[in-house]
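Colleague: Chains as they are written, first to last, in the working numbering: chain A, 552 to 906; chain B, 552 to 906; chain C, 552 to 906; chain D, 552 to 906; chain E, 552 to 906.
No lab work stands behind these hints, which were simulated from the structure alone.
All the given hints hold, so there is nothing to weed out.
No copy labels: a pair is met if it fits in one copy or bridges any two.
In silico DSS-like links for lysine-lysine, alpha-carbon gap of 30 Å or less:
(1) K904 - K770
(2) K803 - K653
(3) K764 - K903
(4) K609 - K653
(5) K653 - K581
(6) K609 - K630
(7) K904 - K764
(8) K841 - K764
(9) K770 - K745
(10) K903 - K745
(11) K712 - K630
(12) K904 - K841
(13) K580 - K609
(14) K581 - K597
(15) K580 - K653
(16) K770 - K841
(17) K775 - K581
(18) K609 - K792
(19) K901 - K764
(20) K630 - K597
(21) K792 - K803
(22) K904 - K745
(23) K792 - K653
(24) K764 - K745
(25) K903 - K841
(26) K803 - K609
(27) K803 - K712
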Amino acid sequence: MAKKRTKKHQKKSGLAPGSVIYTGEKSDKKLFLEVFDYTPEEYIEKELNSIEEVFDFKLTDCVSWINVNGLNHVTEIEKLGIHFNLHPLVIEDLVSISQRPKIDEYEDYLFVVLKMLYHDADENIINEQVSFILGPNYVLSFQESEGDVFGAVRDRIRQGKGRVRTMQSDYLLYILMDAIVDEYFSIIETLGYKIEDLESDIFEGSIEETATKDIQELKKEILKVRRSIFPLREVISRIEKDESNLIQQRTKTYYRDIYDHLFQVTENIDIYREMIWSLMDMYMTTISNKMNEVMKVLTIMASIFIPLTFIAGIYGMNFDYIPELHYKYSYFILWGVMIVLFIAMLIYFKRKKWL
Amino acid sequence: MAKKRTKKHQKKSGLAPGSVIYTGEKSDKKLFLEVFDYTPEEYIEKELNSIEEVFDFKLTDCVSWINVNGLNHVTEIEKLGIHFNLHPLVIEDLVSISQRPKIDEYEDYLFVVLKMLYHDADENIINEQVSFILGPNYVLSFQESEGDVFGAVRDRIRQGKGRVRTMQSDYLLYILMDAIVDEYFSIIETLGYKIEDLESDIFEGSIEETATKDIQELKKEILKVRRSIFPLREVISRIEKDESNLIQQRTKTYYRDIYDHLFQVTENIDIYREMIWSLMDMYMTTISNKMNEVMKVLTIMASIFIPLTFIAGIYGMNFDYIPELHYKYSYFILWGVMIVLFIAMLIYFKRKKWL
Amino acid sequence: MAKKRTKKHQKKSGLAPGSVIYTGEKSDKKLFLEVFDYTPEEYIEKELNSIEEVFDFKLTDCVSWINVNGLNHVTEIEKLGIHFNLHPLVIEDLVSISQRPKIDEYEDYLFVVLKMLYHDADENIINEQVSFILGPNYVLSFQESEGDVFGAVRDRIRQGKGRVRTMQSDYLLYILMDAIVDEYFSIIETLGYKIEDLESDIFEGSIEETATKDIQELKKEILKVRRSIFPLREVISRIEKDESNLIQQRTKTYYRDIYDHLFQVTENIDIYREMIWSLMDMYMTTISNKMNEVMKVLTIMASIFIPLTFIAGIYGMNFDYIPELHYKYSYFILWGVMIVLFIAMLIYFKRKKWL
Amino acid sequence: MAKKRTKKHQKKSGLAPGSVIYTGEKSDKKLFLEVFDYTPEEYIEKELNSIEEVFDFKLTDCVSWINVNGLNHVTEIEKLGIHFNLHPLVIEDLVSISQRPKIDEYEDYLFVVLKMLYHDADENIINEQVSFILGPNYVLSFQESEGDVFGAVRDRIRQGKGRVRTMQSDYLLYILMDAIVDEYFSIIETLGYKIEDLESDIFEGSIEETATKDIQELKKEILKVRRSIFPLREVISRIEKDESNLIQQRTKTYYRDIYDHLFQVTENIDIYREMIWSLMDMYMTTISNKMNEVMKVLTIMASIFIPLTFIAGIYGMNFDYIPELHYKYSYFILWGVMIVLFIAMLIYFKRKKWL
Amino acid sequence: MAKKRTKKHQKKSGLAPGSVIYTGEKSDKKLFLEVFDYTPEEYIEKELNSIEEVFDFKLTDCVSWINVNGLNHVTEIEKLGIHFNLHPLVIEDLVSISQRPKIDEYEDYLFVVLKMLYHDADENIINEQVSFILGPNYVLSFQESEGDVFGAVRDRIRQGKGRVRTMQSDYLLYILMDAIVDEYFSIIETLGYKIEDLESDIFEGSIEETATKDIQELKKEILKVRRSIFPLREVISRIEKDESNLIQQRTKTYYRDIYDHLFQVTENIDIYREMIWSLMDMYMTTISNKMNEVMKVLTIMASIFIPLTFIAGIYGMNFDYIPELHYKYSYFILWGVMIVLFIAMLIYFKRKKWL
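Same shape as in the complex, but just chain A (with noise of 0.2 Å):
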């Protein structure tokens, strides 16, 4: 992703900064746009087909949510950000998917930009930036395509469930920042189960082909969600510290929540991370036991039967006068002989623990 990443910057790169330009994949997506305005009383959900539509929510008097989907419709989200006044920067920054979690306070409104994560149908770990500004009476959401983490948003504000509806913008933007958070749990949860898994093949030893390239695998997997997760930790604490109109006092209490969840989602990547290098640690004694146990078995057929080899080699000889080669019961004595020796040796490896 890494690689991805940077070469989508790359192409950008030349350009005048200020140049609002889509840094995703391309795609034919629609532009797909949502609202929901409400007050303690009613609220209105629509779905909207031109970005003019939008405009007019800036100035209702309720709170307005207005949830852009498709960054690639760089003109339309254009027109959004100058109708709503939003600084070149900003425009350019909601439209270029690479960017860190992040927040910029402007004169009237809030920019913070964070990542969205979230297990598809093949349980993989997909990464999606998402873009608020927060106003006065309303907050925009920018995300890459549809498919997010705010269904449950979007069912409490219809059903007028809890406080959403007779608080503010700011506690809007709580609540969708909430539940993108709380699914970060879901997503170190899933990485945790797969360190165990690993740890307990690498001891019963039956990846012994993979298990570097597993490890190695889950680290970087490890490194990547961290990036996506501990800046956002920053951006909570300066929300707190906001000292602007737009966070009222009352909702800090709530912010001061997620940072505390977000504390708890750090520090267990940072013992997951902790944990895979140990894996590492566990895997190179893992092979070095299994090389003692072969050279064991090697030693000790070798020492057993090399001996009694030589014996054998001394008999085979073809000398004119070797007298043990003409007693009658030489053989056999000779069996016994080799016999004893085996059993010394048996004993000597059993006492040494390698048998």
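Position chains B, C, D and E relative to chain A; hints supplied.
Modeller: Chains B, C, D and E alone, transformed into the frame defined by chain A:
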């Protein structure tokens, strides 16, 4: 455990923030309510049947300790929270047992979450969440289930031992937290024993098969204890700096004492952590040393008998003209040569210190 | 490179501080002077022959970009420095190419040093020092030699694209620095590819001989890139906090954008650094795995044939009385025994998963 | 030791905070009380029999050093504490020998705890807790038992050497602490010797069996010393910043001197720590090198004699028609061939540098 | 060296703080006093015989550089110190050569201690302590013995080159420190060469026996240089922030220049440190690779000849009825079979890439 915790959290995601949901294991444990209400002169100790009986103790002039066991009784706890004017997020956190140790300061109460660690009958580490609400003249404590480390605290209140009956609720909170932190010492002591046992087992080579697993398990246990204890340092240090009137100046000295204890605990944990890492290294060298020993045996056996076998092979050949075969003493001379070779080899290996 | 750099520095030691000495490789490259002078309406682009012609551009009302290539022309650069009232240490640093990225604030100009990294035709990383002097209405840039990453900047000035022609010199400095930082993405992208190539080479075991060397080389390359880029973060963050009037408030937003980009770059470098360290571990386990495989082959061969050879040896002995020798089917029975032994061994090793 | 300490602490848990309990090993050592009382002109040195005799020295105008040995005499120390108006927690800490080095500032005295390290007769490191109470004109010192590093301090008071008799109690505290810190140098010097001895033992390969254990023991010793010394840095730096009048401005220069010494000590400890880690690595390579040597011997022996034995085996076969067997010089030619093969092998291994 | 230093310190412990004791190696080197006294117009250079002659230079209006060589002349240095009103601890530190680099600010002078590193004739790193006293119009410098890196500074004063003669004593201190820091570049350059030499030696496998030792020695050397240089960064940064009038504002720019140089040096040291750690890893893989090669030779030889020997053994048996023995072409057929087996083996090992 990490697995379980995140799973639990999972179940909650999608719900409105502020939803009061018990995240621990379902159980039909009864709600157990216990109240201590005391002045320097006298004290009342009661077990209550319903949450409503607790309400009266909010307004008494005495210091009240209300101990609530059984976080699965969500409705009752919610009622209690509303009666004591707790913030919705606090009530939510009370029953959500996957919190990090933290302190939240509200206008007229402090909310403290920490982890109570103790050994159960089977010497397993039990990790239970305890929350405290410190009000002007009461302390509410919330535990997952009965069974705690507060026995001595109860005795002290009953017997009026020490300063507790003459002090305010902030001192009560202190002795409760002190009891928990004191138990940490016992926990890390056990960890210390386990490390030393493992260390000598590895030195003696008696646990070849399970060593890696044992080390890994111990490492995880230390990481978990660490995670439960470390954040508490910041909690205590924020209590010390607290500017509300809930914590009196003279009590802060006592909290500093807890802080010092915590520092000792965490210092020890970090030392154990470093030691467990070197255990892995030690184990690795132990394996390598053993392999060395195995290889030496093999090399000595092979080096001694392979040349001798070769010599025997020579005189087992069937050439028509091998002059040595016909000398009368050839056989005995050969034995002599072989014995000399054998001894020379032994001396050689002795010199190399392989014997 | 470390070697070269310190060597160069060496030559200077013993000289008075403030001595203006070129520390790069001697060369007879011509001095190349280029000037862009522009207003929103029009622009002049000139190549100049002598340093004196530059002087006039100091006082024009337009924004001037004076680009000086060829730091070996020390005398001319010194003249230029004196004309622009630069501090002696600044002039010294301009031609001393072993500077760390840094910013020095003087009363009426800023002095910024950074490293321009780009790939040459052979995909080697070129590390060239670029210094900027930002004055009220001019930017001086100093490069070791011709060839840079500013092509797009020139085009933008010529075509009046973007905001550049309408902004002041602080914005010009921004787009120059932005061009350099954008190029960093391409550099680390290549590093990422190299690591992944190395990783798959190691997994496939195809580079046995050179793996250690390749890893070590890559590690050094990353360390060098890191050293060129990391200090720049502090430079940018000091520009943002600058309190002189040279950087206008509205331009600072743009510098913050560079800062975010840099953060992404450095984050990636650190991830690559961690990955290269685990490559070494991976390689180590790969070696050990191979040795295990070698040992298994040896052990299997030896364990099967040594006992069989012993048996053959027995019946090669020349004792007068070996009853078995004279039974008619002995030889065939023996073959039977040996084949059974052989198969038993194979099954044993199959069970141990060595086959 | 960690084990012992926590065990001791254990015994206390469950008791009321503020309970004055001696946590060291039980012993019936007598209480030993020593007082120095001095002015620039004269001094009194006394050994006292009962704690009450000490009380008078609190109010003298002279500087008094009251040295209490024998922390098992809890009742006496408690009396002393009450007479000197010490906080209950201070009295508790005085006799609890498992404190971290720390400083607690009270209104009219400072309470300092540190660790006195010195070698006993058998070169073991003795780790004894020393506490100081610094009052306006007295210093109380508390030691576990007789035997300390203050001999030179006593001499200096007796002889009026240096500045001690002309300075206040803060200077007395300084020279006592300085004496303790000076002893640290001797301790880490010994650690340094031990590391270097171990290092050369490992290089010479003379301690195969115990190397891992020795390294581990040394590592633990360093960790323990580190833990005793590191927190002291913060103690001293807080003394320097102290704003009470107990530490005069002119004395602070002296404390800064201790601070510098401590810095040197801790720096050395960290270097030793790093060196002991690389000892482990070194030892690992030493083992591997030895195994290499063992393997080479085996390989050389086997590679030379196995083919020769094969050749001998060929001509030991009993086929009716083996033409070579009947040529007259076959045997001698074969010897020639074998000697040539032997020498070729030797040259081959020589070239590979295995010989 | 660590050993020696602590040993020296040892000798002092037990003495009163402030005792002026030379802690270096005893020697009867003569005291060497050198004075430069200059104004922009003229300068005096003198070698003095007695310490008293120095005293006059304290009050001249010119800038004076008084260079004292020979710290064993304790009495003279004490006299000098008293004449210049130095604090007793400063005088003590002047002759105690085991100081860390540090700066102490006193009312009317600065006391700076640093380490002068240079190569002696045998390319060993000499580590000599240099102390400076910066007064309003003089700089005192104290060296252990003659021989320093100040040659160029002397020349510059004599020839009036650069700014030195026109500036105050703070600039003199700067060029002296700059000369020392410049020499550090040469030191770390040599370290860099050593690492690269070691690296190629290890790659080529030419230093099997001493590699571990060489790596360890180099590691120690880097640790020592690091310890001498690192603390200096803080010294310089405190000079920059100094608020006394001893360092003028315009000179601070120069000190910042030293700071930048130091940063480069320390950055390089840390890179070298990281590289030396990976050298150890590299060496380890080199050993393992060699062992792999050894094992392969053994395995190939054994796998080829052990089965062949077995076959030969079969037909060496003395059974009465072995039909094959009597066929005419048996022997030649057997040779054919063995050659085919031999070639099959070779192909097998070729395919496994062991050949």
